[in-house]
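Chains as they are written, first to last, in the working numbering: chain V, 1 to 754; chain Z, 755 to 1155.
These are computed hints drawn from the structure, not numbers from a lab.
Be a bit skeptical, because a hint or two may be false.
[What the hints assert, rightly or not] Straight-line distance between alpha carbons at most 30 Å, and here's what the computed DSBU-like set of lysine-lysine pairs gives:
hint: 1; chain 1: V; residue 1: Lys395; chain 2: Z; residue 2: Lys765
hint: 2; chain 1: Z; residue 1: Lys1150; chain 2: V; residue 2: Lys425
hint: 3; chain 1: V; residue 1: Lys3; chain 2: V; residue 2: Lys37
hint: 4; chain 1: V; residue 1: Lys425; chain 2: Z; residue 2: Lys795
hint: 5; chain 1: V; residue 1: Lys187; chain 2: Z; residue 2: Lys946
hint: 6; chain 1: Z; residue 1: Lys795; chain 2: V; residue 2: Lys192
hint: 7; chain 1: Z; residue 1: Lys987; chain 2: V; residue 2: Lys425
hint: 8; chain 1: Z; residue 1: Lys955; chain 2: Z; residue 2: Lys768
hint: 9; chain 1: Z; residue 1: Lys768; chain 2: V; residue 2: Lys192
hint: 10; chain 1: V; residue 1: Lys129; chain 2: V; residue 2: Lys407
hint: 11; chain 1: V; residue 1: Lys187; chain 2: Z; residue 2: Lys1150
hint: 12; chain 1: Z; residue 1: Lys997; chain 2: V; residue 2: Lys407
hint: 13; chain 1: V; residue 1: Lys608; chain 2: V; residue 2: Lys596
hint: 14; chain 1: V; residue 1: Lys3; chain 2: V; residue 2: Lys144
hint: 15; chain 1: V; residue 1: Lys425; chain 2: Z; residue 2: Lys768
hint: 16; chain 1: V; residue 1: Lys187; chain 2: Z; residue 2: Lys955
hint: 17; chain 1: Z; residue 1: Lys867; chain 2: V; residue 2: Lys407
hint: 18; chain 1: Z; residue 1: Lys765; chain 2: V; residue 2: Lys425
hint: 19; chain 1: V; residue 1: Lys407; chain 2: Z; residue 2: Lys795
hint: 20; chain 1: V; residue 1: Lys130; chain 2: V; residue 2: Lys37
hint: 21; chain 1: V; residue 1: Lys395; chain 2: Z; residue 2: Lys987
hint: 22; chain 1: V; residue 1: Lys395; chain 2: Z; residue 2: Lys946
hint: 23; chain 1: V; residue 1: Lys177; chain 2: V; residue 2: Lys3
hint: 24; chain 1: V; residue 1: Lys407; chain 2: Z; residue 2: Lys917
hint: 25; chain 1: Z; residue 1: Lys917; chain 2: Z; residue 2: Lys946
hint: 26; chain 1: V; residue 1: Lys144; chain 2: V; residue 2: Lys596
hint: 27; chain 1: V; residue 1: Lys3; chain 2: V; residue 2: Lys130
hint: 28; chain 1: V; residue 1: Lys130; chain 2: V; residue 2: Lys596
hint: 29; chain 1: V; residue 1: Lys285; chain 2: V; residue 2: Lys239
hint: 30; chain 1: Z; residue 1: Lys777; chain 2: V; residue 2: Lys395
hint: 31; chain 1: V; residue 1: Lys192; chain 2: Z; residue 2: Lys777
hint: 32; chain 1: Z; residue 1: Lys917; chain 2: V; residue 2: Lys192
hint: 33; chain 1: V; residue 1: Lys395; chain 2: Z; residue 2: Lys1150
hint: 34; chain 1: V; residue 1: Lys252; chain 2: V; residue 2: Lys322
hint: 35; chain 1: V; residue 1: Lys407; chain 2: Z; residue 2: Lys861
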Amino acid sequence: MDKKYCAYICTGCGIGEALNIEELTKVVTSEMAMDCKDHSYLCGADGRAFIEKDMSENGVNTVTICACSPRVMQNEFNFGDDKITVRANLREQVIWSAGAAEEGKEDAHQEWLQETASDYVRMACARAKKTELPEPFQMETLNKEILVMGGGIAGMTAALEASKAGSKVTIVEKSDKLGGKALGWAKQFPTKLPYADLEPNSIGEMIAAVEADGNITVKTNTEVARIAGAPGDFGVTLKAAGSKSEWDAPAKVGVDEQDLISQGKMEDPNAGLRPYAEGNPDAQKFGDVVLATGWVPADVSEYTHLGYGTNEKVVTNAQFEKMAKDNQLSGINSVAFVMSPGGEEHDQDFPYCNSVTSMVALKQAKYVRENNADAKAYILYQHMRTPGHMELFYKGIQQDDGIFLTKAAVTSVVAAGTGCTVTAKDTLLGEELNLDVDLVVLAAGMVPTTKIENTINLAYRQGPAFLDLGLFDGYADSHFICFPYETRRTGIYTCGGVRKAMNMEETIDDATGAALKAIQCIESADRGVSVHPRSGDKTYPEFFMQRCTQCKRCTEECPFGALDDDAKGTPLPNPTRCRRCGTCMGACPERIIGFKDYNIDLIGSMLKSIEVPEDDEDKLRIVIFACENDAYPALDMAGMRRNKLNHMIRVVPVRCLGSVNMAWVRDLLSAGMDGAMLLGCKYGDDYQCHFVKGSEIASKRMENIGDSLSTLGLEPERVRSEQVSITEYDKIPQLINDFVDEIVDLGPNPFKGF
Amino acid sequence: MNVQPDLEFIKYLKSAGGDTLKKCYQCATCSVVCPLSTDTKPFPRKEMIWAQWGLKDKLVADPDVFLCHNCGDCTAYCPRGAKPGDVLGAIRAYAYTFYGWPSGLAKLASSSKGLPMLIAIPTVIIFVLWLVAGGISIPSAEHFAAHGYQQFFGHWNFHWLSKNVFIIDLIMLSAAGLAVVSAFKGVSSMWKGMEENAGIKSEFRPTVVQFVTEFLWPSVLEIVQHTRFRECKENLDRVQGHKPLMLSFIGLFIVTAWSATANDVLALIPALSFLHGPMSVWNPVKILANVSAVAMIVGIGILWMNRSRKEGENGVTPTFYDWFLIWEIMAVGVTGLLAEIARWAGLAGPGYIIYFIHLVSVMMLFLYMPYTKFAHLVYRTFAMAFERYRESAFGKNPINM
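Okay, chain Z solo, but in the shape it has when bound (with noise of 0.2 Å):
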């Protein structure tokens, strides 16, 4: 291996929670203590000495930087105080900037420095289109009553779809979009990078059922049973934040699925009209949707604080990288329960603010999710079905097997 050491990538890791890196002596106390590392492929010794040396390429192609869940035990246990968990968060932080597209954006949401232009973005597409299509105008409070946010952007008479919807549909499917495409294209490379540092020759290819049944899908289960994360022994409280984190996502992925198929969908049968408007508090789905958001806010909660802990106790270094999706989750849980809240209250003027708010939030939660920790979501999902890969069948010389 031709060595070229990075001093700016070098850089980039201590500024961005790694900057114990250089302390570690190799002693492989980490690799040890860690619960996820196995005996074939440990980690995270020889991730430290790639980042103290600047290999770069090698570490955003790293599998296991992506199956680590930074629960600690390395850091805890490591006798010079090299917090490998922490390095390995900072090489992540990277990663996803360094597959992030347009890099642009990547690297804009890369550092604290961004933050205004973050807020700025979204802020600003939500607040021309609001000024465009709504002229900005607070209902009466039997408008809000009846209709609450449901006509924020206005209305028009066009049956098949409401103004609201469409342009909410507008600002968060191009956002969700532009995520989508841009998770695809990095995890993508992320998969290209891997195989060529497994050694392994894509002669053979799984379909996408089987890639989905056989790596795919067992990994989300994984994921959802949190059946890793528990093996974690410094850090298991996050698991109680997490867990309840995660099923809020999916409880509301289901809502939102929900109502846009019943309001904009099946509403449209006369006969189902009634789907139209807020929903009842004891509708079921509303239910789901209360409940999740309680979890969602109890669980950020739960990491904010674990968080917060860990920092003061363990000396773990704050990073942008880590806060900010923290806060945006915290915003996006707090704005649209007061959101809701307002509603019932009937003021509609405060609600309406709120509710901007909670839109702008959302937008960026999906704008930059390829770019920020979120990105755990994809970037380590396809880890882990990495992982399987290479152990399987195909991940092996078929010849020499």
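Chain V with its partners taken away, still in its complex shape (with noise of 0.2 Å):
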């Protein structure tokens, strides 16, 4: 495409009030060769067919906006997908974070204000010049089927969602029927007002829609051996399940590992296994996978006060169900069901309860007192977690006679005659309590099959299963809070028992909202664009192999597995798998790994542009690299609420911190700038960042710069990786401040002036 310029500069919002916009076209007409024009109301009407009278009469096709910050008046400078678009933020963050003068520098002040709003048209138009024009990724073949993996009521209800939006989609169920764990319950929570009775078992009626629904194929007594390739492409290979087979999902085998198994120091885990790069010619072709495989209830014999595995008496919520199911009850006239483990330390519930055991137990009373007028059930909790609809269930249960209540911290469970004996203290009958019961039931939680097995089978370079940060007990990583249903693997979207311990109402409508999802990501694959959270974005890395050194870089520190390799170790890209965060190019040391509008290039032209002004301590240069998610909307709420901001620094937005190439940050050391900070968002246990691994990954290369930048000469305390959540723009000022006042104490840059 051949460009042709333009920039504009919106006099509104009291910019053309703050700023001299002579001398600011001045800096774009002679510095930055464009063309520049100004208006007062850029974003309006008048503004819009200002602008677009120059494309269609003088053929304008780039044009940089000069006005507010690219987070707002996104429709109103969308000139098209043949157009580009560059924004220089000079009203939130240059004027409405200038802040007052101090006395007697008024002068100073002005001029530095006009600085910093020249220094940003200066990398608008920088990067209007680097920019090019996005073709999406278009894959050569494209299939749309959706593979449900597991039969029960989450994989079933995601089935029936996408066959209703029209897609094809298979079951797969390891056991001989649909059904999963559904199949085993007496009845069923209340699911209509008043939530008040138990009702029958519905899970027929969903099998029987299922078999009938012509879009769902429905494979029994099958399992997933390996799911190899990318959204909109999936090669998956099934087997009978239970059996073992060469297409099996291989373990990842790191380079040390590799080492000793050739050394033959180590058996090789994947003896007589397919290499994962390997294409199964037979393989069935999906366009993504739902995850249903579901829970399985907990071990809870560790907590040997209550006598689970020695004491017969003591069960399991699962196997009372089971009693239920079976007719089994007789004989039972008074049970205890227990929800916490009590003990000294804390109140907390059995693992993987969430809120189900709590309505679980109160099914299960109902049960005992259904079975027999006369008996009774008591619940001691210390929670009872009935969200909802299902206080109302709660509410009805709690009118039963039989049935009593109290929060309690359970001590002991010993057998006593044909029954046990509960001992519980801190109950709200204000004594220790003695009951004698017929049986116990535990309320046991529900394990994530994800905690136990690799369960996806991905045949990735990064290996078969999801990979764990260790922050979610074996639940599918993924940004938990923000993003359900996302996981750190493209395509494949989790839903029921395996994301959370959720009753079958949230589970349907979990499972709806996956198959949503899955139908999403087919949709953004063939159009060739990302998926959440960088959603409807159409560019991709692109990569020159022929710079390659097989660093494997890229491929171990992507977040989200896309890429896998060659022999060599020569990267095998795989787009429709990326989310485009750009971790990959801030890992290169080549720098052969670049975006169209987003590449090492683009930013190294913007940090070059900025105007350097030597021998002037009062006008240093320190760049900060802001994280588009968070830190940079944190940037631009501080102007809104006129806090200021330094005026030594310039911003420069990122996709993630996990993009930020150390060779930018070396460059703008050498070009005479005197610091630079990475502002990224939390990472750890409440990590907060987008791209999961991004900042995280940014801190550690920062601590390596750090020595490099020493055998230069120069304090490593000139670079800082920082994190701030968005709702810290309150912060933000004094913690540039303070970075600030520290570079302003190590004095300018050296290398000032070479």
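Since each chain sits alone in its own frame, please combine them into the complex, following the hints.
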């Protein structure tokens, strides 16, 4: 595309009053060699027409909008797919962040402000010059069928919902019939007002609906051996349940392990298996996968004071459900439901409970009562969790004369006579309780299958299972709170018990959501755009393979496992697996990875365009690489609140801190700038990084660059990595000021002027 | 504590006005709003869970159950509609039956099913005595004017004890005597249970005088003054009904005591024989009697309206336990007043029939006192005495004080 540039400066919102527009125009026309025009109201209909006129009459196709933050007015400044728009943030991060001038420094203040605005305009123009129109990645073939793993409530609901939306679906079920755990339920929770009575198990109706659905293929007694490929083109090898296959997904073998194996010091875990990168010609093609492999009842024998495993009168809720289903409750006249292991240290419920076991105990107490009108059911809880409408269910159960509820810490269960004696303290009755009961039921939780096995069996370079951050007790990693369903494997969406302990109603909602995400993902792959969180992004990373040194950093660091590699270690990109975070670009020491509108050269040119004044301690230049997801909006918010940002900083937005290539930091320091800060999302236990690992990886890289700076004779303190959450906009000015003060103390960069 | 919930007990409470008891989720709003609840011994939250768990033995010996004046503040503020006030009422109803002796009679008085029998017993007794003693004769107008109802049961020429007094004493004293014995037994076992629950080992006991002056009398004074009753916020109107009613009972007690003394003791002295016969309307005692009778009807009328309103507006469950006492007292008041009016009007026939009903209703009041809501008269008084006792030196371990 022949680019014809023009920059437009908006003088509205106070920009025209705060800045010398004439000088700014001169910066564009002389330094950046572009046409430049100004308008008092660019985002209005008039302003837009003003730009569109240039486009139609003068053939302008690349515009630099010097106005408000790129986060606002996106539709107003969207001129279509064949035009490039770059924004300079003069409003939020320049004039709104200017603050008031110090006494006697009014002139200097005005000068600094004008310099800042000029630099932002320079950077935007530089960016416009380097940006190219993206062309979406098109797959050769695209398969739209959805694979649903697991034929329980979650899997069947996902299949039915996807089918209703017109998708073809295959359900793979390990056992010999559909239904999953729900087959074993004597009765189910109420689903409609007044949420009072237990309902007959309705799983049969759902199974019938699935079997009658022409869009759904059901494969029972079947397992997934391996899933290879990428969204839109997954190659899935199926096998008979419980059997072994040469196509089973191989375990990840690192370089060190491979050495040991070749020296014969370690057994090859993948002996007899096909390599992960080998394609199975007989594999069935799918667009993407809904993982609904559910849960297994937790083992509660570790709580020895409750006697599970040694006392046959102590059973789990899963076992009790089976007893009820098989009509084995005769002679049971009193049951204690123990919801929490109790003990001195904490009042937590059994692990993997969420709110489900509360409701199961209420349901099972009703079984006891319905079986025998004189029977008594005791529910000893630490937490009674009955969300939503289930509060009505709780209220209804509470009405039963023979169901007794109390908060209690159960201290022991001992065999006594034909039953057990349960002892509990800290009860609502104000004293310790001894209950003589026929049976004790422990509220065991629902352990996700992902905790126990690979489940998803991916033939990926990063291994067959989901990566485990160790934060979610074995549930599939994702940005758990903000983005349900997402996993760290694009095109694989979890729902039901594998994602969270949930009841039937929640599972149905959850599976419906997962089906929607699966359809979305295939459609995005079809259009060649990214899925969440950069939904709709048409760019994708392009590799200049001739210069690749097979260092494997990109394949190792990709948080989504998008890159496979060949035997030599050359990366094999899978664009539809990619989330476009750019972590590979940040990792690459050869700087051969880039996007059409975001690459090493582009950001490098922006940095180079910043004017670096010499010998002026009041005009140091410190670059802040701010993550577009949280840090950049937080900076905007600081501006909206008119919080003053230091005049020596220049903010460069980045897709993710993971995409920050250390070459930029080295280059800007050698260009005489005085410091660099990486401002990204929180990582660690409560990580908020949209790409899971970006800010963490960036911090590690920054530690390493510190070492190489000191060999250059530069203080490692000139670079720093910081994390903020989006709500910490009020802390950012201080955070920046502290860093600037330290740089000022260190003095100007000794390389200045070279 | 080994817990054995009593399902029958829960069922009873639900049938006797406590149908909402299972709704309680132990937020303790009731204990906070209750004007009578104390910081150290709060109620009725704990009573609610004891009731939910069917812990009968704890509840019948729980002084707090009887301290409750059923003002309804807790019920008004309960976020779950569990109506703690009504539940406590039901527990009290159960307790009176539980302590009642003989238990058959107590059981009979506990539900509306027993109502025909409850009316039949005094009706038959009085009718038979009337039949046997007086032959059921309606007197002439002159006779009625001269003697009123004093020869209802006929007349004999035994100077020291008139036939009428003999028979009325026979009926009423036995009924009251039975009630007193039953109440004494009930209160004793309640007291024992309360002592046990409070962990009081009675190594030291107060003397009777000490007990009366230090514990019982202050409680009686408090009751008469309605000190606690006035702390209620929701149903302060009930004080307007209960106070005249209670004073009318005291008034009528004085009138009855005076009448008995004047008629049957003082009048034996020949010089004072004018004390025989119906009193003049302007006799101070008669004035007290008439004022009390009116106060009784007004008082019970207010309580009647109050309860009807509460049932209409606040959804308070109507119970036999509450209404029986209201009807009974209303019957006593109305028949008493009507009988007097009949006498003034010289209507011997209707007068005698009304007087008969009056006797029946009075006997019911006496006879069933320990088993019906009327029992609060003794149980609450002693619970309040126990509260003082519990806080006194007797209620504490004297060694570790």
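So, going through the hints one by one against the coordinates:
no.	hint	in the structure
1	V/Lys395 - Z/Lys765	18 Å, holds
2	Z/Lys1150 - V/Lys425	26 Å, holds
3	V/Lys3 - V/Lys37	17 Å, holds
4	V/Lys425 - Z/Lys795	20 Å, holds
5	V/Lys187 - Z/Lys946	48 Å, violated
6	Z/Lys795 - V/Lys192	42 Å, violated
7	Z/Lys987 - V/Lys425	36 Å, violated
8	Z/Lys955 - Z/Lys768	34 Å, violated
9	Z/Lys768 - V/Lys192	27 Å, holds
10	V/Lys129 - V/Lys407	68 Å, violated
11	V/Lys187 - Z/Lys1150	54 Å, violated
12	Z/Lys997 - V/Lys407	42 Å, violated
13	V/Lys608 - V/Lys596	19 Å, holds
14	V/Lys3 - V/Lys144	37 Å, violated
15	V/Lys425 - Z/Lys768	28 Å, holds
16	V/Lys187 - Z/Lys955	52 Å, violated
17	Z/Lys867 - V/Lys407	39 Å, violated
18	Z/Lys765 - V/Lys425	27 Å, holds
19	V/Lys407 - Z/Lys795	20 Å, holds
20	V/Lys130 - V/Lys37	21 Å, holds
21	V/Lys395 - Z/Lys987	29 Å, holds
22	V/Lys395 - Z/Lys946	37 Å, violated
23	V/Lys177 - V/Lys3	61 Å, violated
24	V/Lys407 - Z/Lys917	67 Å, violated
25	Z/Lys917 - Z/Lys946	43 Å, violated
26	V/Lys144 - V/Lys596	28 Å, holds
27	V/Lys3 - V/Lys130	10 Å, holds
28	V/Lys130 - V/Lys596	9 Å, holds
29	V/Lys285 - V/Lys239	15 Å, holds
30	Z/Lys777 - V/Lys395	7 Å, holds
31	V/Lys192 - Z/Lys777	21 Å, holds
32	Z/Lys917 - V/Lys192	74 Å, violated
33	V/Lys395 - Z/Lys1150	41 Å, violated
34	V/Lys252 - V/Lys322	39 Å, violated
35	V/Lys407 - Z/Lys861	36 Å, violated
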